[in-house]
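A.B. asks: Sequence:
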Amino acid sequence: MNPRHIHISDYNYPLPDERIAKFPLAQRDHSKLLVFENGDISEDIFYNITGHLPKGALMVFNNTKVIQARMHFRKETGALIEVFLLEPAEPADYELMFQTNGKCAWHCLVGNLKKWKEGQLSRSFDVNGKTVTLTVERLHEERTSHWVEFRWDNPDVSFAEILDAAGELPIPPYLNRDTQESDKTTYQTVYSKIKGSVAAPTAGLHFTDKVLADIDAHGIDSEELTLHVGAGTFKPVKSEEIEGHEMHTEYICVNKKTIDKLIAHGGKAIAVGTTSVRTLESLYYMGVKLHDNPNLTEEQLHVGQWEPYDYAERLAAEGTAPLDTIDALREISDYLDRNSRKALHSSTQIIIAPGFEYHIVDILVTNFHQPQSTLLLLVSAFVKGEWRRIYDYALAHDFRFLSYGDSCLIKN
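Take any residue in the sequence shown, count from 1 to its spot, add 1043: that is its number in the numbering used here.
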């Protein structure tokens, strides 16, 4: 079956509100762990996950850090306007953006837009003992967002400091509560480093320094990559068939060292979270592109939503075998060497749905996802359609769902 014609209604399940974890457990690694292996389901506690992992494997984590992307401004009329940062516009580079002084622009969502037709909004706040006035102006509307310009009157203050002082951590909308001070810690992984996400890679929230030390002691190799999670991760599939759903673009960075480590591990990895999955599996198709044309730019290595399926259809029509995973990864490593680069910077729009062939990920650590979501499609593709049996078990055995919920270890 062509995955474009999958009916999202086939990926629905009853999720009572009381099964959605509104807050995390006091101890991250004490969450429940469902283990799915060879068709069998068992339970454990997350701090025992190391005992379920093969020695000598490679585990890959997404080290992105959630930014305080939600900002509020009050008009003179009293109307409250929300500006939600999606991704940098000017400068477009994340690292440069957070170092910017005085002025920048973002692609944003705007809440209560009907009350902000034109003009500027301002607010003042304290940054390092000095009062700073921030002004925002909506310059033009884009297809799914707005171009918003930010200006502030202290050139010694970076935009990173502006966000820390005036922004709010954007916890998921399905939690149906306001952000609390504790979320600034609990909605970040203990290994988060690179600012840029507007949602956490939540499978990583269960890990503690002790669990990471146990993984290392168990002889499991670890590597990090970066995928900045966009607000589109919560975007519901509204079309009847998934062909009508447009995936959001996500920006990734993978060090050459990580690519080479993947090669050393036979092109296989344990992915912590669906964000790591999307990055790792996108690498394969970037390698395919380079195999066909070694002179592409990093921007041209972007993986389109349906490219994996178009590639499979082309191979079937030609009667040829797919590019070997190791060869695809070597294409990227050689590309970085030729261009004297230490890391690959590109983007992906990949949708992983039943019919997708996994090339790199053979073990997945993930949470329990929303009904009728693209993340549930990804899990279904990984377990060859047995997602419902896993979710039925979790619902029947008091597992907690979604971002602050329990965890699932799936082994192929």
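What the hints contain is simulated information worked out from the structure, not anything from laboratory work. Quick reminder that beta carbons are idealized off the backbone N, C-alpha and C, glycines included. The reader is advised that the hints may include incorrect statements.
Now the in silico label distances, taken between C-beta atoms and shown as ranges [stated by the list, open to error]: (1) P1365 with E1289: 56 to 62 Å; (2) E1185 with Q1343: 35 to 41 Å; (3) K1236 with E1185: 37 to 43 Å; (4) D1199 with K1385: 29 to 35 Å; (5) K1118 with A1256: 17 to 23 Å; (6) R1194 with A1260: 48 to 54 Å.
20 Å max Cα-Cα, derived EDC-like pairs, lysine to aspartate or glutamate [what the hints assert, rightly or not]: (7) K1300 with E1356; (8) K1065 with D1207; (9) K1300 with E1350; (10) K1158 with D1207; (11) K1238 with D1196; (12) K1238 with E1161; (13) K1065 with E1341; (14) K1160 with E1138; (15) K1278 with E1133; (16) K1118 with E1138; (17) K1158 with E1185; (18) K1311 with E1211; (19) K1160 with E1125; (20) K1158 with D1196; (21) K1108 with E1224; (22) K1098 with E1266; (23) K1299 with E1289; (24) K1385 with E1266; (25) K1108 with E1185; (26) K1118 with D1083; (27) K1236 with D1207; (28) K1075 with E1341; (29) K1146 with E1133; (30) K1238 with E1400; (31) K1278 with E1289; (32) K1311 with E1267; (33) K1299 with E1356; (34) K1146 with D1196; (35) K1160 with E1184.
A.B. asks: Would you mind marking each hint as holding or not holding in the structure?
C.D. replies: These are the hints, each one checked on the structure:
1. P1365 with E1289: 56 to 62 Å: violated, 26 Å
2. E1185 with Q1343: 35 to 41 Å: violated, 22 Å
3. K1236 with E1185: 37 to 43 Å: Distance hint for K1236, E1185 is violated at roughly 30 Å.
4. D1199 with K1385: 29 to 35 Å: holds, 31 Å
5. K1118 with A1256: 17 to 23 Å: violated, 51 Å
6. R1194 with A1260: 48 to 54 Å: The hint (48 to 54 Å, Cβ to Cβ) holds, given that R1194 and A1260 are roughly 51 Å apart.
7. K1300 with E1356: violated, 32 Å
8. K1065 with D1207: Given pair K1065, D1207 is violated - Cα atoms ~24 Å apart, limit 20 Å.
9. K1300 with E1350: violated, 26 Å
10. K1158 with D1207: The given pair, whose Cα atoms are some 26 Å apart, is violated under the 20 Å limit.
11. K1238 with D1196: violated, 23 Å
12. K1238 with E1161: This hinted pair is violated, its Cα atoms lying about 30 Å apart.
13. K1065 with E1341: violated, 39 Å
14. K1160 with E1138: violated, 31 Å
15. K1278 with E1133: Between K1278 and E1133 the Cα gap is close to 25 Å, so the pair fails against 20 Å, i.e. violated.
16. K1118 with E1138: violated, 31 Å
17. K1158 with E1185: Distance ~18 Å between K1158 and E1185 Cα, so the pair holds.
18. K1311 with E1211: violated, 38 Å
19. K1160 with E1125: Satisfied, since the Cα-Cα distance of roughly 13 Å is no more than 20 Å.
20. K1158 with D1196: violated, 25 Å
21. K1108 with E1224: Given pair K1108, E1224 holds - Cα atoms ~16 Å apart, limit 20 Å.
22. K1098 with E1266: With Cα atoms ~15 Å apart, K1098 and E1266 stay inside 20 Å; holds.
23. K1299 with E1289: Violated, because 30 Å separates the two Cα atoms, which is more than 20 Å.
24. K1385 with E1266: holds, 15 Å
25. K1108 with E1185: violated, 26 Å
26. K1118 with D1083: violated, 57 Å
27. K1236 with D1207: Judged against 20 Å, a Cα distance of about 15 Å means the pair holds.
28. K1075 with E1341: violated, 40 Å
29. K1146 with E1133: holds, 9 Å
30. K1238 with E1400: violated, 31 Å
31. K1278 with E1289: Satisfied, since the Cα-Cα distance of roughly 9 Å is no more than 20 Å.
32. K1311 with E1267: Distance of about 14 Å is within 20 Å: holds.
33. K1299 with E1356: Given that 20 Å is the threshold and the Cα spacing comes to 30 Å, the pair is violated.
34. K1146 with D1196: holds, 9 Å
35. K1160 with E1184: Answer holds: K1160 to E1184 is near 11 Å, not above 20 Å.
Violated hints for the displayed structure, listed by number in ascending order: 1, 2, 3, 5, 7, 8, 9, 10, 11, 12, 13, 14, 15, 16, 18, 20, 23, 25, 26, 28, 30 and 33.
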